[in-house]
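Trainee: Protein chains in written order, with numbering that gives the first Met the number 0: chain A, 0 to 283; chain B, 0 to 294; chain C, 0 to 346.
Just to be clear, a hint being listed does not mean it is correct.
Claimed, not checked - Straight-line alpha carbon distances no greater than 30 angstroms define the calculated DSSO-like cross-link-like pairs of lysine-lysine that follow: (1) K100(C) <-> K12(A); (2) K12(A) <-> K75(C); (3) K129(C) <-> K114(C); (4) K12(A) <-> K100(B); (5) K129(C) <-> K168(A); (6) K183(C) <-> K114(C).
As the list claims (entries may be wrong) - Estimated spans, in silico, between C-beta atoms of each pair: (7) P62(B) <-> Q127(C): 45 to 55 angstroms; (8) L34(A) <-> A279(B): 37 to 47 angstroms; (9) D201(C) <-> L202(A): 34 to 44 angstroms; (10) T41(A) <-> L73(B): 35 to 45 angstroms; (11) G187(A) <-> A279(B): 38 to 48 angstroms; (12) S235(C) <-> F16(A): 44 to 54 angstroms.
Everything labelled a hint here was simulated from the structure, so no lab data went into it. Heads up, the beta-carbon is just placed ideally off N, CA and C, and yes, glycines get one too.
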Amino acid sequence: MATGQALHGAGGKVANFGIIAAFAAFAAFPFAWMLITTFKRTGDLLDPNHNPFLYSQPPTLENLRVLFNDTLFVRWAGNTMFIGVLVVLITLLIAVPAGYSLARLTGAIGEQLGVAMFLTYLVPPTILFIPLSRVVSILHLQDSPWALVLVYPSFTIPFCTWLMMGFFKVIPKDVEEAAMIDGLSRFGAFVRVILPMSIAGLLTVVIFTFTLVLQEFVYALTFISSAKNFTVSVGVPSFLVRGDVYFWGSLMAACFIASVPIAFLYNLFVDRFIAGFTVGAVKG
Amino acid sequence: MRLADDERALSRVLLAPAVLYIALLVGGPFVLAIIYSLTSISLGGHSFNFVGLQNFQAALRDPSFRRALGNTVLFAFVSQILVLVLASVLAIALQREFRGKWLVRLLILLPWVAPISLGTIGWLWIFDSIYSVINWTLRYLHIFGATTWPIWLGQPKLAMVSIVTVQVWRTLPLATVILLGGLSGIPQDIHDAAEVDGARFFRHMFQITIPLVLPISLVATLFGFVFAFTDMIVVYVLTRGGPFDTTQVLASLAFFKSVDGGDLGGGAAVALFLLPVLAAAAVGMLHMARRAEVT
Amino acid sequence: MATVETKNIRKVFQEHTAVDGVDLQTREGEFLVLLGPSGCGKTTLLRMIAGLERQTSGDILIGGRVVNEMPPRERKIAMVFQSYALYPHMTVAKNIAFPLKAQGAEPKTIDARVKTAASMFGIERLLQRKPRQLSGGERQRVALARAMVREPDVFLLDEPLSNLDAKLRHMARDELQQFQRRLKTTTVYVTHDQVEAMGLGDRIAVMSAGKVRQLGRPQEVYDDPADTFVAGFLGSPPMQFFENDGALVGFRAENLLPKAVYSSNEPLVSFWYRVTRVEDLGADRLLYGSLRDLAPDTKMIVNLPSTIHVPLTPGEAYEFACKVNDLKFFDPKTGLRIPSRPLRGKA
């Protein structure tokens, strides 16, 4: 069965395959490179005459040992987890009801509010980090993970409200009307009927919020100053480099470990994200 | 009527925390940023003198600002045009069903999902001045001799090329999946009709497929453009604006000015130069979204 | 002008055989309807004729030429889709012009022919609109105009009326037939709606499970079904069956009437029919009941035109009869028609 507009014939197939292979290689190469580097001995790495694609010396686990024992990587991962879990909770508590309200209760104004919500997501940290750093210092949260717990929802909430709005819009209204006739209140229908139907949407919010937290860089760089309080995304580039000395093996190991597992999770949910994006963007 | 049944009251109660949070942590700081940009406030200092548009005027006179502005525009435009073209090609190729598609999709998504700072470090190693795998390969293929090779992040033009490459690398996945979503939103009947009506590959592509995904792909592009325009991570990690400030962009300049230089007012003013472009992009996005016609 | 012919055409999707050896030949200028329930392979067959789907085996001939290797654009066909598949970003005028542009026609010719096509369907005033500003009926006309504009040898229509409401559908059916009669272009029309099929087709091919069960004029297919599937698919209510002497006997609800209604010299078969319920529908009376002696446990519906005023009381049995020729006999195992025979143990 034809899907979409496809290239025809054997030539088309080969061209298609070539294009996909080239792009996949481009996308994945840095990660493959991280993986190769992770297991290389420093002597092997730092010899420009060695073929970098091969192991000229036997592979080693030394870089991983250094990363886990001699650096704060585990601590940063813990910080990221801690902040991530709290931000996910705050986001769920605030964005899910807001998304429902915008999808169902507020009518035409809801549409506009939804759009406004989406626009706040576009306001970049670059504009906000200077005043926010002041806010953080007034609250005496400098150099504390709590500063990030406070600030991160400012971008996860707009995004996830928008996302949830898209999910709730596609659930037929009949369902909650039936629930209300069967004896639930308006709010009860939301909590007891709509939320359980939206598990997939909620999971998507969890994954995306967590990914956004994991990726955040500017706020963490600005608000945190001592090494032990950093998140992975700032700690690794800042503190696995001593002056001009790069611990490439450990550095690449850290990058790989912090990047690839979450990508697997994300991949499971990306279709819902796109659905949310297009529903929201096209019909919003 | 109880609150739980009162639609109007309920809608407000459910929405209020989100609005409040955004007002306090986006709206408030946003206004503060504007106020800061009109003052001489500095890091640790307590002076809060109103200086009018001096910060903006100073920025406009500053050659490093002008350079950063030019770089930002160049960087954002070039990277997003490349992304649009490449993502279209890739999305059309990915429409066909084949075995192992999920794996390909996972690989292609990696750069978008991975923390940008860490992915960029991967590139830092790939672009390394001595151990660059690219240079090794070029030497191996005898494109360069044993003694001369490009220093990717050390030569102004090459540094910009490197930064654009990394930005394309990390935005391409998003644009591709959004385009793919747009493509799969076109009913198969439309493609069949075009084929029966006698359209060959290019007519089909340029008169049917591309016009139909244009609105959604423009939204995706504007999205990517906003990211590229306001982001400093790639520049910060790869070059820190160097060599000699030749790759500085507005976002990184604002950061260095305010955090490293302590000039909060000046930094805020630099960052606020992003605003008109952001506003234009937002308006454009809304306009496109309204025009989307894939029914 | 051309004929369409399929020779032992098969289509297998992975495990599932969608079209299972179909031989069909249209006549010049004929309106041929492919009728069958959903999933019977009729749309797949149409798409193979169009060249949108490649057959697993067999040949397709259009105008006597084998077109197996030709892409759709070279087959001189036009197709109207169930969804109409109008290009949503183009105006009506551009939609209609698209096939001509793809052929590389002169702008002047294009203009003239778009105008002709538009006036033929009465859509001149819609030319500058976009598809989403049109009603269902208007969209359907645009789709037809786009199909006829380049004067194809064959029209292929895939349930083009199914997206219209009942009232419009009546009118559209009429227009469609007039238009086909005028152009005399060979047409293959897919539908699952027997009323459409009976009303439109010169001949009907009834399909089920990938095979053509019967090909014939509408009245033939209705009156002389080749097997129990065709008999049971056509008619509303469909043909009803009871077992008798190792055969399945079928008759239509409208063929059973009170015996008193017939003139005495017709060869009749009579039954005792026990009425359990009467529904008065205005133009007809629907009787629910059973054949008291032959098949007391099988529900049988009788459709009496309201011109027959015989009083009928639920609970009572009456003597009914039908013409000998209106009883059809089928082999219960294969479902195929067998010659008529006398009923056993009739009342």
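Trainee: Now, for every hint given, state plainly whether the structure supports it.
Mentor: Structure-based check of all given hints:
{"no.": "1", "hint": "K100(C) <-> K12(A)", "verdict": "28 angstroms, holds"}
{"no.": "2", "hint": "K12(A) <-> K75(C)", "verdict": "27 angstroms, holds"}
{"no.": "3", "hint": "K129(C) <-> K114(C)", "verdict": "17 angstroms, holds"}
{"no.": "4", "hint": "K12(A) <-> K100(B)", "verdict": "14 angstroms, holds"}
{"no.": "5", "hint": "K129(C) <-> K168(A)", "verdict": "27 angstroms, holds"}
{"no.": "6", "hint": "K183(C) <-> K114(C)", "verdict": "20 angstroms, holds"}
{"no.": "7", "hint": "P62(B) <-> Q127(C): 45 to 55 angstroms", "verdict": "54 angstroms, holds"}
{"no.": "8", "hint": "L34(A) <-> A279(B): 37 to 47 angstroms", "verdict": "42 angstroms, holds"}
{"no.": "9", "hint": "D201(C) <-> L202(A): 34 to 44 angstroms", "verdict": "57 angstroms, violated"}
{"no.": "10", "hint": "T41(A) <-> L73(B): 35 to 45 angstroms", "verdict": "38 angstroms, holds"}
{"no.": "11", "hint": "G187(A) <-> A279(B): 38 to 48 angstroms", "verdict": "45 angstroms, holds"}
{"no.": "12", "hint": "S235(C) <-> F16(A): 44 to 54 angstroms", "verdict": "53 angstroms, holds"}
When held up to the earlier numbered hints, the structure conflicts with hint 9 and nothing else.
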